[in-house]
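Got chain A; can you put chains R, F and W on it based on the hints?
Residue numbers (this note's numbering), protein chains in the order written: chain A, 1 to 139; chain R, 1 to 139; chain F, 1 to 139; chain W, 1 to 139.
None of these hints come from the bench; they were simulated from the model. Among these hints, one or two may not hold up.
If several chains are the same, the list does not tell them apart, and a pair holds so long as it fits within one copy or across any two.
As the list claims (entries may be wrong) - SDA-like, lysine to any residue: derived pairs with alpha carbons at most 25 angstroms apart:
hint	residue 1	residue 2
1	K129	R66
2	K128	A100
3	K79	N61
4	K118	P67
5	K118	Y70
6	K129	R11
7	K99	I125
8	K99	R44
9	K99	I32
10	K99	T86
11	K128	Q17
12	K99	K118
13	K118	Y8
14	K118	R95
15	K79	L127
16	K128	E49
17	K79	Y58
18	K118	L48
19	K79	E59
20	K128	T91
21	K79	T115
22	K129	L48
23	K128	G19
24	K118	G19
25	K99	Y58
26	K79	Y8
27	K129	R63
There are 4 protein chains.
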Amino acid sequence: MYSHISDYRVRYADVDQMGYMYYGNYPRLYEIGRVEALRALGVRYRDLEESGVWMPVYENNSRYIRPAQYDELLEINCKLETLPGTRIIFTSEIRNEEKALIHVGRTTLVFLDSTTRKIIPCPGIILKKLQPHFACETG
Amino acid sequence: MYSHISDYRVRYADVDQMGYMYYGNYPRLYEIGRVEALRALGVRYRDLEESGVWMPVYENNSRYIRPAQYDELLEINCKLETLPGTRIIFTSEIRNEEKALIHVGRTTLVFLDSTTRKIIPCPGIILKKLQPHFACETG
Amino acid sequence: MYSHISDYRVRYADVDQMGYMYYGNYPRLYEIGRVEALRALGVRYRDLEESGVWMPVYENNSRYIRPAQYDELLEINCKLETLPGTRIIFTSEIRNEEKALIHVGRTTLVFLDSTTRKIIPCPGIILKKLQPHFACETG
Amino acid sequence: MYSHISDYRVRYADVDQMGYMYYGNYPRLYEIGRVEALRALGVRYRDLEESGVWMPVYENNSRYIRPAQYDELLEINCKLETLPGTRIIFTSEIRNEEKALIHVGRTTLVFLDSTTRKIIPCPGIILKKLQPHFACETG
Numbered sequence: 001m002y003s004h005i006s007d008y009r010v011r012y013a014d015v016d017q018m019g020y021m022y023y024g025n026y027p028r029l030y031e032i033g034r035v036e037a038l039r040a041l042g043v044r045y046r047d048l049e050e051s052g053v054w055m056p057v058y059e060n061n062s063r064y065i066r067p068a069q070y071d072e073l074l075e076i077n078c079k080l081e082t083l084p085g086t087r088i089i090f091t092s093e094i095r096n097e098e099k100a101l102i103h104v105g106r107t108t109l110v111f112l113d114s115t116t117r118k119i120i121p122c123p124g125i126i127l128k129k130l131q132p133h134f135a136c137e138t139g
Numbered sequence: 001m002y003s004h005i006s007d008y009r010v011r012y013a014d015v016d017q018m019g020y021m022y023y024g025n026y027p028r029l030y031e032i033g034r035v036e037a038l039r040a041l042g043v044r045y046r047d048l049e050e051s052g053v054w055m056p057v058y059e060n061n062s063r064y065i066r067p068a069q070y071d072e073l074l075e076i077n078c079k080l081e082t083l084p085g086t087r088i089i090f091t092s093e094i095r096n097e098e099k100a101l102i103h104v105g106r107t108t109l110v111f112l113d114s115t116t117r118k119i120i121p122c123p124g125i126i127l128k129k130l131q132p133h134f135a136c137e138t139g
Numbered sequence: 001m002y003s004h005i006s007d008y009r010v011r012y013a014d015v016d017q018m019g020y021m022y023y024g025n026y027p028r029l030y031e032i033g034r035v036e037a038l039r040a041l042g043v044r045y046r047d048l049e050e051s052g053v054w055m056p057v058y059e060n061n062s063r064y065i066r067p068a069q070y071d072e073l074l075e076i077n078c079k080l081e082t083l084p085g086t087r088i089i090f091t092s093e094i095r096n097e098e099k100a101l102i103h104v105g106r107t108t109l110v111f112l113d114s115t116t117r118k119i120i121p122c123p124g125i126i127l128k129k130l131q132p133h134f135a136c137e138t139g
Numbered sequence: 001m002y003s004h005i006s007d008y009r010v011r012y013a014d015v016d017q018m019g020y021m022y023y024g025n026y027p028r029l030y031e032i033g034r035v036e037a038l039r040a041l042g043v044r045y046r047d048l049e050e051s052g053v054w055m056p057v058y059e060n061n062s063r064y065i066r067p068a069q070y071d072e073l074l075e076i077n078c079k080l081e082t083l084p085g086t087r088i089i090f091t092s093e094i095r096n097e098e099k100a101l102i103h104v105g106r107t108t109l110v111f112l113d114s115t116t117r118k119i120i121p122c123p124g125i126i127l128k129k130l131q132p133h134f135a136c137e138t139g
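Just chain A, same shape as in the assembly (with noise of 0.2 angstroms):
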């Protein structure tokens, strides 16, 4: 598995008049956590597109558990349990600054030649850069 951690501040911008987070910001969370998931592996998205790949989502389910509020200081895990085959598959979990879990995220993106807007599979980058995380459950 491999996953990684950015924090995420909470903007007036992003809190509705119940002093919650609006519901339809949390993607932008999960945006955000896999992006970073991505460069800490040293795999820069903008790089994958500028090669001629893009990754639309497929699929998002999201769980809503506690509010967040304005000002906290999240923290975002982003976690990838399975190495990618035609999708990937990031889990952003989501912690407020008790550290108490307040938001799962599970998306499903897909990658697609940006010239055909063909379905292709996972770019070799990222499997390379993504495999020594996955060896151990190999044997």
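Leaving out everything else, chains R, F and W in the frame of chain A:
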């Protein structure tokens, strides 16, 4: 079953550099769909809030079938397939200008007393307005 | 002068914990106002883009007179007070349900050739459609 | 004068189909700049709110000099050039990774008593923390 159709024009604000509506903007469309579905029924969410009822989101599942593109006039078909109890489940089917199904969202919300922040059953006003739409199923 | 009125319903997504529309959401309303003003004139911004013209924003001034609140149906009155040259200036007057002026935005955009990214004069199609609305001023 | 620098990574959520940060996202950056500038001074906006002070925006002017692009790490230099009275004016200078000035925002906010919703003078806590940064000017 009760359902209601709303329109949504995709704005420049919504679209990312793939030329697709950003995946995190769909929850805004579900919100429009369910608020307008309730309004068409005679229930204004702002009145519910003023009477002390909040409806935070508990769970959301999204399936991205095809991208929505800039300036497309989308159709949001918001469906209630079961009568709410302590939860209410809205299904949002989104179609593009060619009436192709491009996205499905399924959003579960709970009812909270905004003072105690405790879960309460579905307010009578919603049930009363919904019951005629579900009557045929019981007889 | 040319002007056009669009409606905008304030959404939960737009409102902050003061119960006011977040100050950063007004540019979305100006966008709606000017795109619909052009559409009413017979010019679709998406067609301009496809023909190789971009209209990035050069300057924006916003005056916040009174807050907009959740679920209000606002009126965006988008005005063009002068014929565009290399710049086009849209004034957005926003009124609430009581028709009180609550906000004024003034947005200056330029025209770019999307290939060279150089500034170009206002496309002929826009000028042609606008001229009848400015004719009286010239005699 | 008092100034403080914050970083902001441009996200996919922020970028439009020109590949530029959407013009309406800059106010979020100004917000980050001024809230972090106050925090660095020892004043948390969330504490101000809890003590009954709101700071709604009264006016905003934005100059778009060059576009910000996806994944760039921007620098937000938030400046207070005068001591606040009933208004506080923040200037946000935004630079890209090459340290080129790409954007300037100037945001005027007022102080409100959140109960009466009347304008009040700048809270003493802000003035007290700012005064040392302005002392040299008065002598």
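Problem set entry | Numbers of the earlier hints that this structure fails to satisfy, in rising order | Hint check: 1, 2, 7, 10, 11, 13, 21, 23 and 27 fail, others pass.
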